[in-house]
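Given these sequences and hints, build the entire structure.
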Amino acid sequence: GAVVSQHPSWVICKSGTSVKIECRSLDFQATTMFWYRQFPKQSLMLMATSNEGSKATYEQGVEKDKFLINHASLTLSTLTVTSAHPEDSSFYICSAREGTLRSNEKLFFGSGTQLSVL
Amino acid sequence: SQQGEEDPQALSIQEGENATMNCSYKTSINNLQWYRQNSGRGLVHLILIRSNEREKHSGRLRVTLDTSKKSSSLLITASRAADTASYFCATGKAAGNKLTFGGGTRVLVKP
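From first to last, the protein sequence lines are chains A and B.
Residue numbers for the first sequence, in the numbering used here: 1 to 118.
Residue numbers for the second sequence, in the numbering used here: 1 to 111.
No wet-lab data here; the hints were simulated from the structure.
Fair warning: this is a prediction, and the values are worked out from it, not measured in the lab.
C-beta atoms are modelled at their ideal positions from N, C-alpha and C, and glycine is treated no differently.
Check each hint, because a few of them may be wrong.
[What the hints assert, rightly or not] List time: in silico SDA-like cross-link candidates among lysine to any residue, alpha-carbon distance up to 25 Å:
1. A/Lys-41 - B/Ser-12
2. A/Lys-41 - B/Ala-19
3. B/Lys-26 - A/Met-45
4. B/Lys-26 - A/Gln-60
5. A/Lys-66 - A/Gln-42
6. B/Lys-98 - A/Thr-57
7. B/Lys-70 - B/His-45
8. A/Lys-41 - B/Asp-7
9. B/Lys-69 - B/Thr-27
10. B/Lys-98 - A/Val-62
11. B/Lys-93 - B/Asn-52
12. A/Lys-14 - B/Arg-41
13. A/Lys-41 - B/Ser-71
14. A/Lys-20 - A/Gly-61
15. A/Lys-41 - A/Ser-5
16. B/Lys-98 - A/His-7
17. B/Lys-98 - A/Phe-28
18. A/Lys-106 - B/Ala-94
19. A/Lys-106 - B/Gly-103
20. B/Lys-69 - A/Glu-105
21. A/Lys-64 - A/His-7
[As the list claims (entries may be wrong)] Stretch-level coverage of chain A by chain B, calculated; a stretch enters the list once three of its residues show a Cβ under 8 Å from a Cβ in chain B:
22. 39 to 49
23. 85 to 96
24. 108 to 117
[Unchecked claim] Here are the simulated distance ranges between beta carbons:
25. B/Asp-7 - A/Thr-82: 34 to 40 Å
26. B/Ala-78 - A/Ala-72: 43 to 49 Å
27. B/Val-44 - A/Pro-8: 18 to 24 Å
28. B/Gln-9 - A/Ser-15: 28 to 34 Å
29. B/Asp-7 - A/Thr-57: 29 to 35 Å
Shown next, in the form of structure tokens:
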């Protein structure tokens, strides 16, 4: 099956620094990737939809200047948490939909990144 | 509120027993999917059921969909300790559209 690689798995950073998380589709092309945030024992909250070659579409309430998304190629999307603060500490997960076929409805997920901001 | 809401929030069963969890949603959908998440990991797709389908099977999994009640159920038969995980339903309003996830059901299968 399709594989999505997400790095790093965990990161600890100081308040005020920026952190970049990468999401790669290893054996397929993904024109659309999704970024989620998940708090302990809670559901996934969609942050933004990342479209290759165009600007990301952010969900209501998500600061686009805070969470920068770049989808420069068909296999790579990055999420940069800028000027991170302790309240940004969370589990971030990316997912990708294979190709552009409407029949490809299921998502393939990365293994997630646990961000801890001190 | 979330499109998909699940119950129960948590479920504890003995190995060999069946586990059933339910998902309700509010608006019309194109498809409903179930995913599994092991602690601290990403999600794994289990099964997809389209709005014109009523039941699907995959191994020990059985999913039903009742569009009139806007609800779905996931049944895991003959559970194993390795089935311990959180299970999420996700709804897609249109083909190729983003998915909205439910709150999840945490399942503990005791050996």
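Hint-by-hint comparison with the structure:
1. The hinted pair formed by A/Lys-41 and B/Ser-12 meets the criterion: a straight-line CA distance of about 15 Å does not exceed 25 Å.
2. Between A/Lys-41 and B/Ala-19 the CA atoms are separated by roughly 19 Å; this keeps the pair inside 25 Å, and the hint holds.
3. With a CA separation close to 17 Å, the supplied pair B/Lys-26 and A/Met-45 stays within the 25 Å bound.
4. For the hint pairing B/Lys-26 with A/Gln-60, the CA-to-CA distance comes to about 19 Å; that is within 25 Å, so the pair holds.
5. A C-alpha spacing of about 22 Å is found between A/Lys-66 and A/Gln-42, which places the hinted pair at or below 25 Å, so the restraint holds.
6. Proximity of B/Lys-98 to A/Thr-57 is assessed by CA-CA distance (about 11 Å); at most 25 Å being required, the pair is judged to hold.
7. Our distance criterion of 25 Å between C-alpha atoms is met by B/Lys-70 and B/His-45, whose separation comes to about 21 Å.
8. Taken as a hint, the A/Lys-41 and B/Asp-7 pair is honoured in the structure, with Cα atoms around 14 Å apart against an allowance of 25 Å.
9. Using a Cα cut-off of 25 Å, the hinted pair B/Lys-69 and B/Thr-27 holds, with the two alpha carbons roughly 11 Å apart.
10. The hinted pair formed by B/Lys-98 and A/Val-62 meets the criterion: a straight-line CA distance of about 16 Å does not exceed 25 Å.
11. A hinted pair counts as satisfied when its Cα atoms are at most 25 Å apart, and B/Lys-93 with B/Asn-52 qualifies at roughly 13 Å.
12. Pair hint A/Lys-14 plus B/Arg-41 holds up; C-alpha atoms about 24 Å apart against a cutoff of 25 Å.
13. This hinted pair checks out: A/Lys-41 and B/Ser-71 have alpha carbons roughly 22 Å apart, not beyond 25 Å.
14. Annotation: proposed proximity of A/Lys-20 to A/Gly-61 holds, straight-line Cα distance about 21 Å (limit 25 Å).
15. As the CA atoms of A/Lys-41 and A/Ser-5 are separated by approximately 23 Å, the hinted pair is consistent with the 25 Å bound.
16. With a CA separation close to 23 Å, the supplied pair B/Lys-98 and A/His-7 stays within the 25 Å bound.
17. Distance hint between B/Lys-98 and A/Phe-28 is fulfilled; the C-alpha atoms sit about 19 Å from each other, no more than 25 Å.
18. Taking the CA atoms of A/Lys-106 and B/Ala-94, the gap is near 13 Å; set against the 25 Å cutoff, the hint holds.
19. Under the criterion of a C-alpha separation no larger than 25 Å, the hint pairing A/Lys-106 with B/Gly-103 is consistent with the structure, at around 18 Å.
20. Straight-line distance between C-alpha atoms of B/Lys-69 and A/Glu-105 comes to about 23 Å, which keeps the hinted pair within the 25 Å bound.
21. At roughly 21 Å between alpha-carbon atoms, A/Lys-64 and A/His-7 fall within 25 Å of each other, so this suggested pair holds.
22. Coverage of a stretch by a chain is defined here by at least three residues with a beta carbon nearer than 8 Å to that chain's beta carbons; for the region 39 to 49 of chain A and chain B the count is 6, and the condition holds.
23. For a cut-off of 8 Å, the count of residues in the region 85 to 96 of chain A with a CB near a CB of chain B stands at 3, and the three-residue condition holds.
24. Counting residues of the region 108 to 117 of chain A whose beta carbon lies closer than 8 Å to any beta carbon of chain B gives 6, which reaches the threshold of three, so the coverage claim holds.
25. Roughly 38 Å separates the CB atoms of B/Asp-7 and A/Thr-82, a value that falls within the hinted 34 to 40 Å.
26. In this structure the hint that B/Ala-78 and A/Ala-72 lie 43 to 49 Å apart at CB holds, the actual value being about 46 Å.
27. Checking the proposed 18 to 24 Å range against B/Val-44 and A/Pro-8 shows it holds: the Cβ atoms sit about 20 Å from each other.
28. Taking the beta carbon of each, B/Gln-9 and A/Ser-15 are about 33 Å apart, inside 28 to 34 Å as hinted.
29. The hinted window of 29 to 35 Å between B/Asp-7 and A/Thr-57 holds, with their beta carbons roughly 31 Å apart.
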